[in-house]
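Below, each chain spelled out in residue letters.
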Amino acid sequence: MAFREQHEMHKRRFGRNLGVGLLLVGFVALVFGLTVVKVQRGDPMQGFDHVMRPEMVPATPSGAPASPEASQ
Amino acid sequence: MSDIRAYEQTGDAGFGDYVQLLKPRVMSLVVFTALVGLYVAPVSLHPLEAFAAILFIALGAGASGALNMWWDADIDVVMRRTSNRPIPSGRVQPGEALGLGLALSGISVVMLALATNVLAAALLAFTIFFYAVIYSMWLKRSTPQNIVIGGAAGAFPPMIGWVAATGSITIEAVLMFLLIFMWTPPHFWALALFMNSDYEKAGVPMLTVTHGRRVTRNHILVYTVALVPFALATAFTSIGGPVYLAVAVALNAVFLWGAWGIWRRDEEAAQADRYAVEKKFFRFSLLYLFGHFLALLAEMALVPFGLGGW
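Protein sequence lines, in the order shown, are assigned to chains A and B. With the first letter of the first sequence counted as 1, position 36 gets the number 36 in the UniProt record's numbering; the numbers rise by one all the way through. With the first letter of the second sequence counted as 1, position 177 gets the number 177 in the UniProt record's numbering; the numbers rise by one all the way through.
Think of the hints as simulated: they come from the structure by calculation, not from any bench. Since we're looking at a predicted model, the values are computed, not measured. All C-beta atoms, glycine included, are put in the ideal place defined by N, C-alpha and C. A few of these clues could be false.
[Claimed, not checked] Some chain B residues flagged as far from chain A (calculated, every beta-carbon gap over 10 Å):
#1 Ala13
#2 Gly14
#3 Ala73
#4 Ala115
[Stated by the list, open to error] Using 20 Å as the maximum straight-line C-alpha spacing, the simulated EDC-like pairs for lysine to aspartate or glutamate come out as follows:
#5 B:Lys279 / B:Glu267
#6 A:Lys11 / B:Asp17
#7 B:Lys280 / B:Glu268
#8 A:Lys11 / B:Glu268
#9 B:Lys201 / B:Asp74
#10 B:Lys280 / B:Glu267
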């Protein structure tokens with residue numbers, strides 16, 4: 001038994017919260033799906049999270065980028 | 001707001017009230033035209049990318065609808081047709097509509113850029129700006145040509161769909177834009193002729209109010225004649241073909257005949273049969289636009305069978 005009678009407002013609020021919640025879940029799913037698609041298609045993108053980026057390494061006289069060990 | 005009203009309205013709008021702010025009926029049209037623009041483009045996106053593109057184009061259109069309702073609440077409360085919208089009826093606070101409109105504008109533009117490309121996102125941003133600022137805030141209340149220029153906002157979706165797929169604006173995208181752009185004035189003015197609306201009371205300068213119905217009839221004919229070459233020209237681009245040409249010729253012939261019928265009548269004749277010709281023309285105008293885009297879809301769908309295109 002509820003402590004207080006449910007007001008019509010509470011029902012409306014619940015509907016709104018449920019709607020926003022479902023939308024957020026859908027949005028997360030969509031962004032995840034897009035990420036998977038883009039990565040699988042090999043779109044140009046980079047991870048900046050402590051990953052070595054070859055184009056940032058200074059070029060050697062021969063034109064090829066130096067190996068990370070050599071530049072240290 | 002009076003105390004009694006404040007008591008009735010708890011300030012907690014339902015989810016559906018916010019959906020109403022996005023003008024779902026306009027959104028459904030945007031979804032259709034953007035889908036065609038995207039589908040007929042020579043580059044095909046991954047289905048999920050295409051879905052995201054359509055979703056965020058529609059969301060951007062919805063955001064501009066919410067901004068329009070925020071700005072036009074003072075007009076909407078006066079006119080009977082719009083007085084039950086969420087803001088004039090008191091279900092949603094004006095500030096909420098403004099916040100929702102701005103937030104969804106940002107989300108839709110950024111997400112369209114990430115899902116497809118920056119040019120498509122820039123076009124979407126411009127469309128929202130055009131509809132909310134140029135049309136709603138400026139032209140709607142200041143010129144009887146408001147319908148003509150406002151039509152551009154509705155004409156952008158197929159172009160955005162095309163650009164989302166291809167990344168560039170080409171003649172096909174421009175022609176799809178022009179088809180809706182030139183179609184909007186005759187469509188709305190025909191409606192204005194037989195819908196006894198209260199624009200006058202709200203202070204919105206509709207052509208029927210400012211220049212009279214005779215001038216409106218002239219305008220309908222002129223814009224319909226000007227529309228025909230653009231509608232037919234699409235047939236000779238990369239997205240056109242015999243099917244589109246046949247459909248376009250038939251639809252344009254009927255549309256021209258209808259506009260001619262509206263032009264040669266006067267108000268007395270129209271009142272005698274309760275605007276039967278105008279109503280018929282208006283109903284046909286919906287079929288006209290729908291038919292052209294369906295024909296474009298058909299051309300594309302027939303390609304695997306060796307029938308689409310020239």
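Here's how the hints hold up against the structure:
no.: 1; hint: Ala13; result: violated, 7 Å
no.: 2; hint: Gly14; result: violated, 5 Å
no.: 3; hint: Ala73; result: holds, 21 Å
no.: 4; hint: Ala115; result: violated, 6 Å
no.: 5; hint: B:Lys279 / B:Glu267; result: holds, 14 Å
no.: 6; hint: A:Lys11 / B:Asp17; result: holds, 14 Å
no.: 7; hint: B:Lys280 / B:Glu268; result: holds, 17 Å
no.: 8; hint: A:Lys11 / B:Glu268; result: violated, 54 Å
no.: 9; hint: B:Lys201 / B:Asp74; result: holds, 12 Å
no.: 10; hint: B:Lys280 / B:Glu267; result: holds, 16 Å
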